[in-house]
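Protein chains: 2
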Amino acid sequence: MKQFLFLSLGILFFSCKEAPKKPSKDASKDTFGIVIHGGAGTILRKNMTPEMDAAYRKTLAEAIAVGHAILAAGGTSTAAVEKTIHVMENSPLFNAGKGAVLNAEGEVELDASFMDGARLDAGAIAGARTIKNPISAAIAVMNDSPHVMLSSAGADRFAKEQGLAVAPPDYFVTERRIDALKRVQAEKASGQASLDKKTAFYEQQRMGTVGCVALDQAGNIAAGTSTGGMTNKKWNRIGDAPIIGAGTYANNASCGISATGWGEFFIRSVVAHDIAALVEYKGLSIAEAARIVIHEKVAKLGGDGGIVGLDRFGNVAMEMNTEGMYRAHMNAQGEQTIKIYKYE
Amino acid sequence: MKQFLFLSLGILFFSCKEAPKKPSKDASKDTFGIVIHGGAGTILRKNMTPEMDAAYRKTLAEAIAVGHAILAAGGTSTAAVEKTIHVMENSPLFNAGKGAVLNAEGEVELDASFMDGARLDAGAIAGARTIKNPISAAIAVMNDSPHVMLSSAGADRFAKEQGLAVAPPDYFVTERRIDALKRVQAEKASGQASLDKKTAFYEQQRMGTVGCVALDQAGNIAAGTSTGGMTNKKWNRIGDAPIIGAGTYANNASCGISATGWGEFFIRSVVAHDIAALVEYKGLSIAEAARIVIHEKVAKLGGDGGIVGLDRFGNVAMEMNTEGMYRAHMNAQGEQTIKIYKYE
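Protein chains in written order, with our numbering: chain D, 1 to 344; chain V, 1 to 344.
In short, the hints are calculated from the structure, not lab data.
A couple of the hints might just be wrong.
Here are the simulated lysine-lysine pairs, BS3-like style, with alpha carbons at most 27 angstroms apart [to be verified]: (1) V:K188 with D:K282; (2) D:K83 with D:K132; (3) D:K132 with V:K188; (4) D:K300 with V:K282; (5) D:K297 with V:K282; (6) V:K160 with D:K234; (7) V:K188 with D:K160; (8) D:K188 with D:K234; (9) D:K188 with V:K182; (10) V:K160 with D:K282; (11) V:K58 with V:K342; (12) D:K182 with D:K234; (13) V:K132 with D:K234; (14) D:K282 with V:K282; (15) D:K160 with V:K342; (16) D:K234 with V:K234.
Part of the chain V face toward chain D, derived, beta carbon under 8 angstroms [stated by the list, open to error]: (17) M48; (18) M52; (19) Y56.
From the three backbone atoms N, C-alpha and C, an ideal C-beta is built for every residue, glycine too.
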């Protein structure tokens, strides 16, 4: 009888302990870290030339090395996110800054957002056309305006007033994106592709957003996201990238997240904040929280894409429900992971 | 010994039961419900004439009666939210639709969003200038576009293509808002007021957003928010009202929320989704979740404002950290609450 009662006690005690689970990690191990993405989507090995594969890996390595060096030298997570994203915005490979995709009128409309997990402060721009590095404009909105989100011509004007680097519209436009717009419009016109009836190529044209999350040695998390949005977008559409809570969220109490994918579904799922809420309120690990939101919630609605994130212990999440996501991670020891395809 | 063990078992069992707390309510009692706000801020009895007080209460009563009648007749929460908000958008008393506040150039820029808690689908517009009823445009974006959020001239163009009611820019402009803009600009020019150094009058000029949350007899929650934003806003600023997760969120699994207040802080706090996350993930009541987010989180950052919300059981929250909030609630029994001041 006594044994039975002790057993019952044990079982009850154990079931009590199950929730909430707290993420635990040897805090001395990862004193800082950085993770980036360059977009998620139908990225198949068979469709990539060895040259393209190598070019993406090289730029991801260059970008993450910039931020890692800042963090290793004791710099802030804000500086690491900004400078890392600059490398990707300045590269025509990614759908952000130079090389952004084109809207239905053949123009770029640039979206970006940034969040500082220490102050819970944030900045964002949407629909800008002349800001060379949108992530810097998002940070300037946070630091130097009374607002959090500026848009369209006003965002361009603010950036210029702040003395940020501006570029003429044709700086951003590349042959590759002109061709992509023509092909998407032709596929749409012929009825081959629509948002409901997608070809792999069509689907790919809303991918390529870049993002970065960093944890610095002071324990501060920052997250940023920058994108040109979706090829052939209309009506000054705004996606998830400039939306705090959807494309970007950072909170020292939980984690930082940057998302990439089909923005409409990421807004509806409030992806970045939902992952942070599962970490903070349910005690889930960042990896488990990301898995639930990307594979169960977003996928259930019919959306696809992925996220990268870091929690306050340096635990990393790189989660996607697509065939690939350009992504890289470096920890405090300088160990580097660079991946493109889902399985590699 | 045996008694001690039974006692221990009881204690452990009880402590296990404590978390998560599930909101419980007699489901047969509130089969539907509706709650609205018309803005939160420095609304003091001493500054209101009896006529103004009566005019606000009359319009709140008219608005909520429209939605309540739809719900009582078995209509959808979407229809109830839309038609209720129309009454407030069409009234010059509130900062939405006709009577919206003016930006630094003396123009209106209209923001609105809507979320359907059954489908987790959503729509939003930001920075529109010619849409008579912005909430209807937000719903049309959800139902009739592949996007969730449209902005500026594109939002106006989309609404026109959809055959929604358009209005010339001067339809929206009222003497009261022209005077308010002049006074805010004069106070700013004289250094009396700035975003850091606020006068009560200046502060008031970012208030008046309208919103509605409804629970219909099918158990579906919908939420919507519509606003002209902040008087004297610059750079095509976007506030929290059109941001899914910040100003508006609805999820049948938890609750629906519409927010009003200093939008910048509501974006940073992802207010609407954070309340829903506390309800869903921590099992808090909607009232307790709203109290934590408005009084602890938003207030701690320096922000003010309020929310209205309903959970799936019809439990209501009307929470603010300001001197007042225009607000009303009606339950399935037709019991009506209309309040303006914090204490009444």
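K160 (chain V) paired with K282 (chain D) [C-alpha distance capped at 27 angstroms]: Violated - the C-alpha atoms of K282 (chain D) and K160 (chain V) are around 45 angstroms apart, more than 27 angstroms.
Residue hint M52 (chain V), partner chain D, criterion CB-CB below 8 angstroms: 29 angstroms, violated
Given pair status - K234 (chain D), K132 (chain V), alpha carbons within 27 angstroms: Within the cut-off at roughly 21 angstroms; holds.
Pair hint K160 (chain D) and K342 (chain V), alpha-carbon separation not exceeding 27 angstroms: Violated, because 43 angstroms separates the two Cα atoms, which is more than 27 angstroms.
Straight-line alpha-carbon gap K188 (chain D) to K234 (chain D), limit 27 angstroms: 13 angstroms, holds
Hint consistency between K297 (chain D) and K282 (chain V) [alpha-carbon to alpha-carbon, up to 27 angstroms]: Given that 27 angstroms is the threshold and the Cα spacing comes to 18 angstroms, the pair holds.
Satisfaction of hint between K234 (chain D) and K182 (chain D), Cα-Cα up to 27 angstroms: OK: K182 (chain D) and K234 (chain D) at ~15 angstroms, within 27 angstroms.
Given hint K160 (chain D) paired with K188 (chain V) - CA-CA distance at most 27 angstroms: Given pair K188 (chain V), K160 (chain D) holds - Cα atoms ~23 angstroms apart, limit 27 angstroms.
Pair hint outcome, K160 (chain V) versus K234 (chain D) [Cα-Cα no greater than 27 angstroms]: With a Cα-Cα distance of about 14 angstroms, the restraint between K160 (chain V) and K234 (chain D) holds, given a limit of 27 angstroms.
Pair hint outcome, K188 (chain V) versus K282 (chain D) [Cα-Cα no greater than 27 angstroms]: 46 angstroms, violated
Restraint check for K188 (chain D) with K182 (chain V), where alpha carbons must lie at most 27 angstroms apart: 49 angstroms, violated
Status of the hint placing Y56 (chain V) at chain D (closest C-beta pair under 8 angstroms): 28 angstroms, violated
Hint compliance for this structure: hints 1, 3, 9, 10, 15, 17, 18 and 19 are not met, and every other hint is.
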